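I would like the entire structure built from these sequences, with the hints used as guidance.
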Amino acid sequence: MTKTRNIESVVELQGDLANKHKAYKPGEENSSETLHIQIAEDFETLQKNGYVIIEGLLSSSELQSIRQATGPLLDKPGRNSFEGVKTQRVYNVLEQTRVIDSLAVHPRITGLLSRLFQPNYLLSQAQIINILPGEAAQPLHFDDGFYPVPRPRKPFGAATVWAIDEFTEDNGATVLIPESHLLGQEIVTDRSKTIPAIMPAGSVVFFLGTTWHGGGGNQSDSSRLAVTCQYCEPWLRPQENFFLELSQETLKSIPEHLLSMVGYSIHPPFMGMVNGMHPKRTLKNRTQT
Numbered sequence: 000m001t002k003t004r005n006i007e008s009v010v011e012l013q014g015d016l017a018n019k020h021k022a023y024k025p026g027e028e029n030s031s032e033t034l035h036i037q038i039a040e041d042f043e044t045l046q047k048n049g050y051v052i053i054e055g056l057l058s059s060s061e062l063q064s065i066r067q068a069t070g071p072l073l074d075k076p077g078r079n080s081f082e083g084v085k086t087q088r089v090y091n092v093l094e095q096t097r098v099i100d101s102l103a104v105h106p107r108i109t110g111l112l113s114r115l116f117q118p119n120y121l122l123s124q125a126q127i128i129n130i131l132p133g134e135a136a137q138p139l140h141f142d143d144g145f146y147p148v149p150r151p152r153k154p155f156g157a158a159t160v161w162a163i164d165e166f167t168e169d170n171g172a173t174v175l176i177p178e179s180h181l182l183g184q185e186i187v188t189d190r191s192k193t194i195p196a197i198m199p200a201g202s203v204v205f206f207l208g209t210t211w212h213g214g215g216g217n218q219s220d221s222s223r224l225a226v227t228c229q230y231c232e233p234w235l236r237p238q239e240n241f242f243l244e245l246s247q248e249t250l251k252s253i254p255e256h257l258l259s260m261v262g263y264s265i266h267p268p269f270m271g272m273v274n275g276m277h278p279k280r281t282l283k284n285r286t287q288t
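Just so we're aligned, residue 0 is where the sequence shown starts under numbering that gives the first Met the number 0, counting upward by one.
Hint data in this document are derived by calculation from the structure and do not stem from the laboratory. Please note that a few of the clues may not be correct.
To be verified - Calculated pairs, DSS-like style, for lysine-lysine (alpha carbon to alpha carbon, straight line, at most 30 Å):
(1) LYS283 with LYS75
(2) LYS192 with LYS85
(3) LYS47 with LYS192
(4) LYS153 with LYS192
(5) LYS85 with LYS75
(6) LYS47 with LYS153
(7) LYS47 with LYS85
Said to hold, decoys possible - Ranges of calculated distance between the beta carbons of each label pair, as one might list FRET restraints:
(8) GLU248 with GLU43: 35 to 45 Å
(9) SER252 with PRO151: 34 to 44 Å
(10) GLU54 with SER252: 43 to 53 Å
(11) GLU61 with ASN274: 32 to 42 Å
For clarity, every value in this text was computed on a predicted model and none was experimentally measured. Note that beta-carbon positions come from the ideal geometry of N, C-alpha and C, so glycine has one too.
Printed below as a string of structure tokens:
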């Protein structure tokens with residue numbers, strides 16, 4: 000029998016109204032003091048520069064597993080000069096492989112997201128990106144520019160680019176403009192102030208949705224493989240429509256935090272509901288984790 004709750008103030012609507020399926024909480028209270036310190040240092044650099052590079056998060060065996068799983072998916076050529084004519088992109092990654100799940104919910108990443116955004120933040124999109132030799136540099140842009148709110152402003156999104164291969168100045172390392180997250184409405188085309196995100200395989204660059212950046216040109220003889228995950232505030236529309244992309248079978252197997260990120264969560268009081276109820280009620284035979 001459904002319990003009736005008496006709501007006397009709109010203030011109460013800012014909290015979790017669910018009876019059975021409560022909002023997912025990452026459980027950072029159980030994380031180590033070392034992790035808290037690392038996240039605090041990462042966040043300080045992020046706020047100053049608009050990006051932070053974190054090295055050594057993936058082991059050699061993890062990298063090899065990602066390469067093996069993603070290689071067969073890289074079968075389509077580039078579609079346009081922005082995405083890259085000589086760049087292979089894999090969309091709808093979560094439906095095709097579980098190999099990037101741990102990257103999307105890595106504690107060094109979610110720790111930063113929890114400081115940037117409101118609880119129940121969402122995954123906006125995930126891609127595998129392989130820049131082939133001869134690719135030209137991507138036009139500079141900032142990722143949350145499709146939300147039509149004038150700058151300067153706080154970021155509505157954030158992104159990670161994981162180096163599955165080493166990122167070098169020659170092979171297409173992502174380039175960023177330090178402190179460009181603070182800029183106003185001007186359009187940036189001058190690449191003279193860009194800095195390449197040079198980092199060993201197993202590292203990640205995390206940057207704000209307001210930071211100007213772009214893929215670098217690949218002047219080497221080898222491809223440059225990366226995984227990117229983008230995130231947004233829980234009250235915004237993500238780029239990917241995970242509700243249509245992800246099967247019930249996939250939803251049974253992804254981590255609980257990732258399930259929340261792809262929309263099976265409620266942003267108080269009602270955003271994300273299905274037939275007036277929590278979207279997790281639509282899941283079939285999911286084992287709780």
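Mind listing which of the numbered hints don't hold for this structure, in increasing order?
-> 1, 7 and 10
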